[in-house]
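Number of protein chains: 2
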Amino acid sequence: MNNLYSHILGFENAFRIEIEKIKQTKPFQLYEPIAYSLSIGGKRLRPALMLHAASLFSESTTQVLPAAMAIEIFHNFTLLHDDIMDKADVRRGLPTVHKKYSENAAILSGDAMSILAFKYLAQGNSVSLAEILNLFSDTALEVCDGQQMDMDFESLSNVTIVEYMEMIRLKTAVLIASSLKIGALVSNAPHADANLLYEYGINVGLAFQLQDDWLDVFGDPAIFGKKQGGDICANKKTYLLLRAIEKADHTSLTILNEWIQKTEFDANEKIAAIKGVYEQTKVSEETHRLMVIYQNKALAALDKINVSEEKKQILQAFAIEATERMK
Amino acid sequence: MNNLYSHILGFENAFRIEIEKIKQTKPFQLYEPIAYSLSIGGKRLRPALMLHAASLFSESTTQVLPAAMAIEIFHNFTLLHDDIMDKADVRRGLPTVHKKYSENAAILSGDAMSILAFKYLAQGNSVSLAEILNLFSDTALEVCDGQQMDMDFESLSNVTIVEYMEMIRLKTAVLIASSLKIGALVSNAPHADANLLYEYGINVGLAFQLQDDWLDVFGDPAIFGKKQGGDICANKKTYLLLRAIEKADHTSLTILNEWIQKTEFDANEKIAAIKGVYEQTKVSEETHRLMVIYQNKALAALDKINVSEEKKQILQAFAIEATERMK
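Protein chains in written order, with our numbering: chain A, 993 to 1319; chain B, 993 to 1319.
Calculated from the structure, these hints are not laboratory results.
Keep in mind that this is a model prediction, so the values were computed, not measured.
Fair warning: there could be bad hints in the mix.
Chain copies aren't distinguished; within one or between two, either way the pair holds.
Below, simulated SDA-like cross-link-like pairs (lysine to any residue); rule was C-alpha separation at most 25 Å, straight line [to be verified]:
1. K1091 to D1078
2. K1015 to M1143
3. K1319 to N1005
4. K1111 to D1142
5. K1079 to A1097
6. K1035 to A1309
7. K1303 to E1004
8. K1267 to Y1028
9. K1091 to E1146
10. K1092 to K1303
11. K1092 to I1285
12. K1254 to F1210
13. K1015 to A1292
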């Protein structure tokens, strides 16, 4: 996401200082896991998008830094608690908080992180605070709704594509969209423009998650940074799988069902078999066509925003990069 | 807490409607455990205190209802997650959320409850929202700090009384104090008075918790509603135990240490033995003297608040009831 690089850098410098403060806070058993979780990185995409959105309507972006930290802390809190629920041992190549410390530490430190996000939000002290707090808490609840749907899908055999798209809207897209909208609101942007940025964010977020699912199967692990086929091994109901089930002929459907039902298997064999069905059913191309639809919706919303064409370039590029990125 | 009865009743009526709405929210797997946790009761002490504090400075108290719901939802969220961490199976005579549903359901529903608290807070839409959000998030973090200290105490052999008092200030007193202060702020009370209510709340909260610890040992289970000696069986480091360790002679100290170290024991025998030491060391009387100190500090703070004597009567009675209550 090189186009947002200056915002990522500006955010990261300010955030490192905050993480250091958090690390020094007592009781250490509570705040050290928080500092650990925040310092192991991530793309810092949401705060960078928020800073950029703010910059569209205001010369200065320092006034949006507390809200940018709030959104990044909240995002990492959801990852921390999701990792407990998913029993995931590794994140970004390092042990997850519940593995490194304990499950109780991960529950309580996560709780404190979620509250900390609201504390940073309050520090912003914007004239739109009531509206921002409303949007932030609605969005945060939607992320929980999305996580619940994702967990429910594990034991459901008849998940539809509409349900899947709604799940990724809630679990991923709304936080990206709200990041942009809050950035605009802090800069006192007109409501119409703030709402168009939200619409842009929803559509980019959906495309972003579809590309994430695609990279899990077809990405280069050396670039993407994750082992290939994680979703396949876990029978994750992604767009690729749901669409393959719809399109598969009798033989391919038998292959899919057999591999989905196996509890013991060689990971590489399972990945190769299911990838074979994905290729036969051409769902990779379809996923890309769907991404382009969302990309175009995002660009159409962006087009209507009342700022100069020059100012729109970074978000135009980001909408394209979200679907073409290899990591 | 009969003196607050009208506020408890008013709150409960409004809250039942909200709980019903929450119960009808999708995805049900997320919101049903929240509705369950909120509907199994509790004293509704914090919202009632908030409503009462608001009534000292304003004719109407309806404007404080959303914040009162926020504080009650937050309080129940902490109980829900504490029950996971403490592996507690029963609360208020009913199965805890992680027992009735699952641990994952309890984690995620708790997360959503914590966010829901902030959502209700935003709905209040008061002119002091930034200040209220700051106070609420600081208080919420302090409650986490207190829970962390409480967990740390389990494996510490040298907890001091000062540390214990700090733990109960954080885990219990600050939320009571903030309930009162937020009530005052929403009613646009002068800051000096809001801060005096906070001071009153801290001291009443400390007395309240000391009485809770005392009731665990000396209360009548039929009235208190909890089995006697729960803290004793769990080696909870209460004021009673810490002070008994300080005051015990050689023989009594040996008795205490022996029972504390036993991993298998008859509960009634252990309770009787440790109660015997408490009686011999007169720590029950000492606990009451300490409660009276906090009660007097609370009354002194109340005395300075700039409202009529008549309006102070309910909080005067509450300060006394907090230390004399049997349930």
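Exercise for review: Sort out which numbered hints this structure fails and list those numbers smallest first.
Suggested key: Hint check: 8, 10, 11 and 13 fail, others pass.
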